[in-house]
Amino acid sequence: MRVQRIEKNNLISNDQQEVDLKLLDPIIEKYKDKKGNTIPILQSTQHLFGYIPAKAFEYISKKTGLKVSDMYGVATFYAQFRLKPVGKHIIKVCHGTACHVQGANAISDSILEALQIKDGETTPDGFYTVESVACLGCCSLAPVIMIDEDSYGKLTGKSAVNIIKEIKLKATN
Amino acid sequence: MENIKVLVGLASCGIAAGANKVFEKFNQIKENEHLPFELTKTGCIGMCYREPLVEIIDESGSYLYGEIDENKTIEIIEKHIKLGEPVKEYVVKTELFQNEDDTYWQGQVKIALRNCGVINPEIIEEYENRGGYQAIKNLIKNNIQSEQVIQTIIESGIRGRGGGGFPTGMKWKFAAASKSDEKYIICNADEGDPGAFMDRSVLEGDPHAVLEGMTIAAYAIGATEGVIYCRAEYPLAIKRLNIALEQAREKGYLGKNAHGKQGWNFDIHVKEGAGAFVCGEETALMASVEGRRGMPRKRPPFPAVSGLWKKPTNINNVETFANIPYIVLNGASSYNKYGTEKSKGTKVFALTGKIKRGGLVEVPMGISIKDIIFKLGGGIQNNKKFKAVQLGGPSGGCIPEYLSDTPVDYESITATGAIMGSGGMVVMDETTCMVDMARFFLDFTQKESCGKCTFCRIGTKRMLEILTRITEGEGKEGDIELLEQLAYQIKDSSLCGLGQTAPNPVLTTIKYFRHEYEAHIRDKKCPAHSCKKLITYTVDEDKCTGCTVCAKNCPVNAISGERKQIHFINQDACIKCGVCFSKCKFEAIKLS
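Quick mapping for you: the protein sequence lines, in order, are chains A and B.
Letter by letter, the first sequence follows residues 1 to 173 of my numbering.
Letter by letter, the second sequence follows residues 1001 to 1592 of my numbering.
Chain B on its own, in the form it takes in the complex (with noise of 0.2 Å):
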């Protein structure tokens, strides 16, 4: 038993589902009955539709145990701990025997997630068994110059994984081009896409990798001081960077002669976010970390001419840093023999809304969405038809359906309307309305618009007007003409990449789903049954059994009826939830 060990995903997802309660399960018994196996917490697995996770690797392989609690631990110690016989029906992967969930793996890369879910990320010696902190060293060792990383940066083809593409090389040879005794290293982990959370898994799984990444560029660029701007929403990856950040300094990895090079002082902070999407944008990022309002300003200069404090400064995403240790140890090579031509490499996507398998997947470049959603996500949730999928968040637009063989790189995605922005993908089948979602965003940006530029402040809000009207059923002809015309008005005089993309979301669902919008306007009807004003649901007497299933779960009280009668929806209590219209096994909720 003493060669067992036992990982728990302890990530905010894994928590959230129940995690926390496993571990201490876990514990509780390995501590009262003086088992000796190993127990230890990890990041994310990547498999967040089996939260919570439990990994087991004994003598004979690696078994993941997918949705488990407290009852279903106590049965895995007893059989699969003690008497050495796994538990089939729990486990979710295993290389011993097949699983229904074995397609959720196959095609996936995992470069930036390779640590995730593997590596305790609070223990420092677990990054470095498995090469962290090496290819540090080995610059270091040997003395390479700082125009030979950066080479090997450009050759790889990465381009910044943030969103905007920008090859990374690149950016960094205008830094290091710089001249100036102070320069700076920004992590943006302002992960500020609502429908992302691949920044997030990376610091919680694998800290490490990103303050590598960070230091390897400072080495290349000769930068002395690091900052991590970090979402204040996002506590777990906050304490697990101060403890990864404690951890380095005390090896010598970070502070005064940082890694044994005599003069180089470079070390990290944490800085935390206070909640504005637009601090995503470099010069808003940089007046925030300056204790300002995050407002935007003209470029050039460019930051890695003048940025933070008015020195030369370089800003690149978690994932991107997450990647440069293995590029940098592994070669170019390693990284860009996956990828098409101008999108080298993997890239993390999270898989979200009504998909089967919503999780973490890292794949290589050039994959088509058709097979992201169909053959690693397992088709849509209850079998319903597949509609649209959303990329990059509100800056992004929605690819339909009937595109959906549309490989993934940068150019590809670029020409549907949509961007490939930081990874967020959410799927939509045929109960999402465009409008509302289209809505949904603009709602979005006009809120986090910092209102410096007036066709983002004001024109975002008119457009709001417009959407909100169109999804009453107050839509008018020429709405659609009129939102057109506001949305390139916008693209055209806004400053930074908020307000140029902002209304790329109503963009590309006109493009895709005008007939929706016509509907909305023309019929004053909502195709998707999902406009509130829109729709009513009423009990349908004849159906009606009276079996109570639709009062009991709606959660406003707004049905009444005594048992074994019809009953009644309150149509001024009811919020159009729809709860009793899935719930309801008579067909006797009509929805119109």
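The following block holds chain A by itself, in its conformation from the complex (with noise of 0.2 Å):
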């Protein structure tokens, strides 16, 4: 259920980057009178951050009347807003049917055995973050995972470990 997505633990103290909130001003300019503009918003907070730092509520909140419970309403409730700050690459991989059907979990297995991290956290330095997601689209190529925007299909686990190792092997040289 939806608010299992809750953090357990206290919100804040995951929040302990620094991050310049004035950036947050022409996005706030931009959506401040339209109707609806809670999930634009916190869209556009993410897309500036990589995630929605506690902050950044509470700063929205003083300059636009929005509610902060509202807003931290709608950001536990959808998959796609995240509260913790996330890894320079995110590795999205994709369990629809049929990546499923096609052995995902293999996959993800794979994956965060050579990252050796668990799903949904961020490699020691920073350099990843895996996700599991519902559903990329792409399900002819199944098994299939998506780095940053780059999609990558007909998958094994093998295949996927060596795309994960040379996108950190070209970044490091």
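Don't take each hint at face value.
Residues from chain B that face chain A, not an exhaustive set, calculated with beta carbons under 10 Å [claimed, not checked]:
(1) L1083
(2) V1087
(3) D1193
(4) P1235
(5) K1271
(6) C1279
(7) R1299
(8) P1394
(9) V1427
(10) D1443
(11) P1555
Partial list, computed: chain B residues near chain A (C-beta under 8 Å) [what the hints assert, rightly or not]:
(12) Y1049
(13) A1232
(14) M1428
Simulated from the structure, these hints should not be mistaken for laboratory data.
Keep in mind it's a predicted model, so treat the numbers as computed, not measured.
Every residue gets a Cβ at the ideal spot worked out from N, C-alpha and C, and that includes glycine.
Both chains are sitting in their own frames, so use the hints and assemble them into the complex.
Below is the structure:
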């Protein structure tokens, strides 16, 4: 159920990164007087910082009059929103029906094993975050993963791990 | 060479398969060598299993090339474009000679997909050249009454393609009957069914058809504003929709005095969804557009009376809207001549899973499931045995092999316990465990339940726990009965479609594959050899030659052994993916 997405431990303690909240001003200006603006504001905020910092809720609330509780309710309801900082690159492992049938579990297991993290976590060096997602819509290429904006299809555990290693290698060289 | 046109299929699947590189290669050679052929992008051609796809049209006809990479691009340019000699071995479709893939197209009727893979979706004129925007222009020019438009839609017999199957014309009639100075048209593009991508392909391949369909609906019910609620997971669809909207506004098709009709200021906006399956439900979707948690509410009042911002609202799905301009332009009979008595027209299906030819097909209603899978889809991968097909995603069910003569229409599919759904068709073979499939879908619906109704919130959780237990070999006598009891309680006590249909995958698998449940519970065995906790892979020491293939392919390095020595699988590290089993040429990996 959706409320399980709410972090058990204190939200603030997860939020140690310093963010420049002033960057939110153009977003707030753009959506301020539009009805139904909660989700677009939160989406733009996440687009800016990669996640929604706790302080951003208060800042937006002060400027727009939206209630923090309403925004937090929305942010925890939808799968898209993150309340914690993420790695530089996000690996989305598709667990749609077609991918499941074609062995998506093995892809997840292999990637998590290679990176030594659990699903939803970020590597200690902050390079990768791994997430399971419902469906990326490339079902005929199953099993599929998406790294940032690029999709990779017809994978095996081995080839998925190789792609991840290559990207890391390119970035460090 | 000026008369040669090259189209590269650049929908999301094509891009994932490497179509961008192919397009770039064509472009690079074209620029470098100053070749005057025309190069353009197009949407989904439908043959996903042959991506990346390139179509070349020259004076002799059209040639569709499949599985093209950069090297093949060079070859095609050298031979076909420069010398006029098509590279036959890469051609997957042409009218000029026969092809092994021809049966994929036989029986298909393209109405909703009429422009997908044919036009460049980013150029409005290409849509117009194929009759686009003619339907709405005719309505306005001839001052056709709203009732008459709605009557055409009713007569066409089209039913909601999102899965509900409610007659579209009736829906419009209700919305038209509501009196209000503000009314809304919403396009539901929140394609949440994991395993379906019809709507994405239409949005990416023919966005103007959806915009025109919405405009016609707005004309018919008197709407002032349109909203497309699109999944954020479809960035390319959103991009192309926004391009299309901009072009339509420039031409005066949207905005103030739309299509020159004085006082009609109809415009459309895209709203990005934020990832919640339940938002496919009308009232939840509207709550989400309003910026709230996407939780459904009780109906009545129906959206046609009180919808978005409490104004009369009409919601249809992408595929439904894509059909509308065709129906209005060509008349109801052009559509209802296809299909069965109660299910008219055509339906798009996304064929995926263990099928040879996965892709997007559009077929007349009434065709049998068997024909789709075996004639169009070419049968099962690796010639394994066909076991079942899953229709309708998490709200649907599994139809077993022996019912594969079932015709595709709303009533026949519902009679099996599945639902038509939005058109995802996931094919399963003998290696797919049906209990695990049921667990997979319950895991999905359990996470996606909004939490409003107790039975949906807690009931799905309990069902998931039982199913997980069974797949881990901890099942107990009475579990099947308990699942059934919970299933009916959840169906009866949930407010919206999510809860009312969530138990369907469990009920249909119990109905048709009860023996698999019993094998898990009583014998602690998974007949499909798929449930991780119930299988082990070991090396047959007599057969192992020490070729190291298994060790090289193991994604988690669980296999050790020197070359020409017997190998060993570390059971603690093994993730039971089965790669070693399928890669070993000596049948030296034992599955038990």
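Tested hints:
1. L1083: Violated - the Cβ of L1083 of chain B stays beyond 10 Å from chain A, reaching only about 33 Å at its closest.
2. V1087: violated, 23 Å
3. D1193: holds, 7 Å
4. P1235: With a minimum Cβ separation of about 7 Å from chain A (threshold 10 Å), the hint on P1235 of chain B holds.
5. K1271: holds, 8 Å
6. C1279: holds, 9 Å
7. R1299: Interface hint status for R1299 of chain B: violated (21 Å vs cutoff 10 Å).
8. P1394: Result: holds, 8 Å to nearest chain A Cβ.
9. V1427: Result: holds, 8 Å to nearest chain A Cβ.
10. D1443: holds, 9 Å
11. P1555: holds, 3 Å
12. Y1049: holds, 6 Å
13. A1232: holds, 6 Å
14. M1428: With a minimum Cβ separation of about 6 Å from chain A (threshold 8 Å), the hint on M1428 of chain B holds.
Of the numbered hints listed earlier, those contradicted by the structure are 1, 2, 7.
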